[in-house]
Amino acid sequence: MVMYILRRLAIMVPVLVGVTIVVFSILHLIPGNPAQILLRAGNPTPQQIRNLDRQLGLDGSLPSQYLRYVGQLIRGNLGYSYVSERTVASLILSQLPYTLTLTVAALAVALLLGIPLGAVAGTRPGGAADRVATGIAVLATAVPYFWLAILLILLFAVVMHLLPALGVGSPEAIILPAVSLGVGFAAVIVRLLRNNLIEIYQEPFMLVARSKGLSETRLLVSHAMRNAIASTVTIVGLQFGYLLAGAVTTEVIFGRPGLGSLLVSSIQEKDIPTVQGIVLLVAVTYLMVNLAVDIIHGLLDPRVRRTASS
Amino acid sequence: MSARTTAQVGRRLRSVKEAGKRDRVGVFATIVGVLLVLVAVLAPLLPIDNPTHLFPIAQQSPSLKHIFGTDELGRDVLSRTVWGARQSLSEAVLGTALAALVGVPAGVIAGYFGRWSATAVMRLTDIFLALPGLLLALVIVTILGAGTTTVVIALGISFAPILARLAYAPTRAIRERGHIAAARTVGCTRFRIMRRHVLPILGTELIVVLSSTIGWALLSATTLDFLGFGVHPPTPDWGADLSGGVQYLQTAWWISAAPGLAITLTILIANYAGDFTATMLDPLRMQGEKDKMRDASEMIAGAEQ
Numbered sequence: 001m002v003m004y005i006l007r008r009l010a011i012m013v014p015v016l017v018g019v020t021i022v023v024f025s026i027l028h029l030i031p032g033n034p035a036q037i038l039l040r041a042g043n044p045t046p047q048q049i050r051n052l053d054r055q056l057g058l059d060g061s062l063p064s065q066y067l068r069y070v071g072q073l074i075r076g077n078l079g080y081s082y083v084s085e086r087t088v089a090s091l092i093l094s095q096l097p098y099t100l101t102l103t104v105a106a107l108a109v110a111l112l113l114g115i116p117l118g119a120v121a122g123t124r125p126g127g128a129a130d131r132v133a134t135g136i137a138v139l140a141t142a143v144p145y146f147w148l149a150i151l152l153i154l155l156f157a158v159v160m161h162l163l164p165a166l167g168v169g170s171p172e173a174i175i176l177p178a179v180s181l182g183v184g185f186a187a188v189i190v191r192l193l194r195n196n197l198i199e200i201y202q203e204p205f206m207l208v209a210r211s212k213g214l215s216e217t218r219l220l221v222s223h224a225m226r227n228a229i230a231s232t233v234t235i236v237g238l239q240f241g242y243l244l245a246g247a248v249t250t251e252v253i254f255g256r257p258g259l260g261s262l263l264v265s266s267i268q269e270k271d272i273p274t275v276q277g278i279v280l281l282v283a284v285t286y287l288m289v290n291l292a293v294d295i296i297h298g299l300l301d302p303r304v305r306r307t308a309s310s
Numbered sequence: 001m002s003a004r005t006t007a008q009v010g011r012r013l014r015s016v017k018e019a020g021k022r023d024r025v026g027v028f029a030t031i032v033g034v035l036l037v038l039v040a041v042l043a044p045l046l047p048i049d050n051p052t053h054l055f056p057i058a059q060q061s062p063s064l065k066h067i068f069g070t071d072e073l074g075r076d077v078l079s080r081t082v083w084g085a086r087q088s089l090s091e092a093v094l095g096t097a098l099a100a101l102v103g104v105p106a107g108v109i110a111g112y113f114g115r116w117s118a119t120a121v122m123r124l125t126d127i128f129l130a131l132p133g134l135l136l137a138l139v140i141v142t143i144l145g146a147g148t149t150t151v152v153i154a155l156g157i158s159f160a161p162i163l164a165r166l167a168y169a170p171t172r173a174i175r176e177r178g179h180i181a182a183a184r185t186v187g188c189t190r191f192r193i194m195r196r197h198v199l200p201i202l203g204t205e206l207i208v209v210l211s212s213t214i215g216w217a218l219l220s221a222t223t224l225d226f227l228g229f230g231v232h233p234p235t236p237d238w239g240a241d242l243s244g245g246v247q248y249l250q251t252a253w254w255i256s257a258a259p260g261l262a263i264t265l266t267i268l269i270a271n272y273a274g275d276f277t278a279t280m281l282d283p284l285r286m287q288g289e290k291d292k293m294r295d296a297s298e299m300i301a302g303a304e305q
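So the protein sequences, as listed, match chains A and B. Each residue of the first sequence is one higher than the one before, counting from 1 in the working numbering. Each residue of the second sequence is one higher than the one before, counting from 1 in the working numbering.
The shape of chain A in the complex, shown without the other chains:
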């Protein structure tokens, strides 16, 4: 198991380095000099630009700049925002709770909808329940989540006045954003769980369990689901990062604060360090979740540990 974890880590390191290179290059691929962007209002002299370059760590060769950048990252320093007089880290920390609440709530919606529907569909493929569940899943993957968000606002806030449409003023305000973000993800879970269950129902051990005289419920809960959940967990983990990305649009539509809203406004205002910080955070979170999922998967299923070396 230790070897397995070490191997996973070894695969992750080059990817992590690659991600930092990509994020580092954002600043250098943008046309124009950051110092000029920063000082654009004041009609700066070349001397001022040089001074600011030194302050921002933009002097010296590219490799040396990159090493300095990584050195700062390791110390948790993500730089200073161009727009507000704050560190990027503090900006991100102030917005992170909103986004985490949203993604966790959306994940809950996805699991609560996806697992029962997937289980029903997978137990009797081709049946009426399966057709309904699969149909909903197909529709749910195709509906753009920003349009779904609008439909939900229209129905529950404008027509029925049941739930607040915008902001984070009340605890119920999370419901519509979480549903609109979670439904597409639920659809993915339904299809995966269904396919997994169909396969598992054909395994010999299911025949054995059935001939022991287990009830269909028992069969589903303690034999089929147990196996199907393991691979579903993997996908849930893999997709968590995508949920973070989906939060961008959801936050903008519902007028919620959070990393997505911060990212969009930072792009509009050319606040590059903040963009870099958010992108890096999401990528690292995504890689960490992947690692955690791999490890959990390895713990649950010894076969994975052996085959994953290739």
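It cannot be assumed that every hint is accurate.
The following label-pair restraints were derived from C-beta to C-beta distances [as the list claims (entries may be wrong)]:
(1) A:205 x B:195: 19 to 29 Å
(2) B:35 x A:77: 51 to 61 Å
(3) A:131 x B:21: 39 to 49 Å
(4) B:74 x A:139: 25 to 35 Å
Hints were generated in silico from the structure; no laboratory data involved. In this text, a Cβ means the ideal position worked out from N, Cα and C, and glycines have one as well.
Model the placement of chain B on the given structure of chain A, informed by the hints.
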């Protein structure tokens, strides 16, 4: 036409009919898809209002004169949805083409040569895939600034790693088949083998993948336009028009409804039409392969959600 080819054509037609009987949804999706493309291409010839003409009454509810109503500035929503198809579809199709041009050769080369080229391509895709879907597109937007060219490039770069992955695995499997060894034995160059003996086998399945990729690329494109990083007003575009209507939901729901519905329908069509087209081209396509491709398109869907 010789007798033999007539017989072949007959067989082909019969198998297409068979495939159509088995997959009615696919036939329907393909027909609607063709219509949609026609509408987008023929928009200038259709008897609809100018999409940027301002009618005196803004936010007019749907009526005989304006079937989908008028928007917040008094423009005809039907005409904007039709013209928006041109804009949004071409962004999605060009983005997918760019992604395929970069991703598929990379995947095929990695799958065929293996060793260090596979490692290089796979690690590179790992890096890009660590930036989930939209986020990678937003990075490109940050670098290039807003605009439609940016949207196409952003789509190309964010979908290329996925297509590379999807081309890689089947290429590795095809490489092991007997006819590749035979081709190598008679002295075909590696480039020729890849082009003549690997790509055609890959091709049918790629149609399915590319078709659904167009659907998901449309979702990404409209998302970028929705966030204001794509077209400049007053260009009609599904994503931009949808976001324009958001503020007026309470008073004029129809402004956002039409483009939203159009996006949803197109994604659905893209998913079903590709599957049907592939079956039509290759009636012997195995159900197992179909399921695999469906899972693959799920992967793309997930990547964009």
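Do the hints match the structure? See the list:
1. A:205 x B:195: 19 to 29 Å: Taking Cβ atoms as reference, residue 205 (chain A) and residue 195 (chain B) lie about 46 Å apart, which means the hint is violated.
2. B:35 x A:77: 51 to 61 Å: holds (56 Å)
3. A:131 x B:21: 39 to 49 Å: violated (19 Å)
4. B:74 x A:139: 25 to 35 Å: For residue 139 (chain A) against residue 74 (chain B), whose Cβ atoms are near 33 Å apart, the range 25 to 35 Å holds.
Of the numbered hints listed earlier, those contradicted by the structure are 1 and 3.
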